[in-house]
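Engineer: Sequence:
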Amino acid sequence: MRRRTVVVFGAAGVGKSSLVLRFVRGTFKETYVPTVEDTYRQVISCDRSICTLQITDTTGSHQFPAMQRLAISRGHGFLLVYSVTSRQSLQELEAIYEQICHIKGDLTSVPVLLVGNKRDESQRQVDTSEGQALATKWECSFLETSAKLNYNVQEAFQELLNMERRRTVSLQLEGNRPKLCNTPAPLF
1 MRRRTVVVFG AAGVGKSSLV LRFVRGTFKE TYVPTVEDTY RQVISCDRSI
51 CTLQITDTTG SHQFPAMQRL AISRGHGFLL VYSVTSRQSL QELEAIYEQI
101 CHIKGDLTSV PVLLVGNKRD ESQRQVDTSE GQALATKWEC SFLETSAKLN
151 YNVQEAFQEL LNMERRRTVS LQLEGNRPKL CNTPAPLF
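Sequential numbering from 1 applies to the sequence shown in my numbering.
Just so you know, not all the hints are guaranteed correct.
Cross-link-like lysine to aspartate or glutamate pairs, in silico, EDC-like; alpha carbons within 16 Å at most [what the hints assert, rightly or not]: (1) Lys148 with Asp38; (2) Lys148 with Glu121; (3) Lys148 with Asp106; (4) Lys137 with Asp106; (5) Lys137 with Glu98; (6) Lys104 with Glu139; (7) Lys29 with Glu98; (8) Lys137 with Glu94.
Quick list of the computed label-pair ranges, beta carbon to beta carbon [unchecked claim]: (9) Ser141 with Gln99: 29 to 39 Å; (10) Gln125 with Ile50: 19 to 29 Å; (11) Gln125 with Arg48: 33 to 43 Å.
Hints listed in this document are in silico derivations from the structure and should not be mistaken for laboratory results. The structure presented is a predicted model; accordingly, all values stated were derived computationally and were not measured. All C-beta atoms in this analysis are idealised placements derived from N, C-alpha and C, irrespective of residue type, glycine included.
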């Protein structure tokens with residue numbers, strides 16, 4: 001059974017815990033309870049086999065940088081969550097994204113999904129096109145979700161697994177290619 005660690009980052013109050021609890025337990029709570037760090041496990045079907053997702057739900061504050069670095073170093077994939085009702089929550093993801101880049105290096109080999117949560121709310125400050133544009137800039141995938149309405153929650157976690165699978169297949173294909181010499185071929 002494969003194990004994958006997914007780390008969920010985002011500002012306080014964007015709905016990280018709500019997304020995780022909706023995915024793992026199928027529940028949603030209206031009340032906000034700040035998280036320091038919680039870990040959940042979910043067994044799911046992936047690519048004709050069984051996978052165990054270990055989901056790390058991180059704090060929304062920046063008081064624990066060592067915990068943040070450790071979570072990044074252990075993570076196989078990342079959900080970067082902002083609230084569509086808070087432009088600042090989107091802007092705060094920049095520093096987290098840069099830290100992931102710094103620790104993980106080349107992010108083309110690391111699944112990252114930008115998630116605009118609270119899609120059901122009417123007080124929108126971030127348009128869908130802005131989230132999509134940032135995902136394009138960061139070369140990652142993008143989804144809008146609503147933990148409250150259970151909209152695109154399963155799809156978000158499934159997309160991370162699909163990205164991991166595509167990355168693994170791509171690496172295998174690249175590994176099977178014949179190696180090319182760096183010496184130029186003779187002209188005649």
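Engineer: Now, for every hint given, state plainly whether the structure supports it.
Structural biologist: Hint check results:
1. Lys148 with Asp38: violated, 20 Å
2. Lys148 with Glu121: holds, 10 Å
3. Lys148 with Asp106: violated, 34 Å
4. Lys137 with Asp106: Judged against 16 Å, a Cα distance of about 14 Å means the pair holds.
5. Lys137 with Glu98: The hint holds at about 13 Å.
6. Lys104 with Glu139: With a Cα-Cα distance of about 15 Å, the restraint between Lys104 and Glu139 holds, given a limit of 16 Å.
7. Lys29 with Glu98: violated, 31 Å
8. Lys137 with Glu94: holds, 11 Å
9. Ser141 with Gln99: 29 to 39 Å: violated, 19 Å
10. Gln125 with Ile50: 19 to 29 Å: violated, 40 Å
11. Gln125 with Arg48: 33 to 43 Å: holds, 42 Å
Violation of the numbered hints given earlier is confined to hints 1, 3, 7, 9, 10; the remaining hints are satisfied by the structure.
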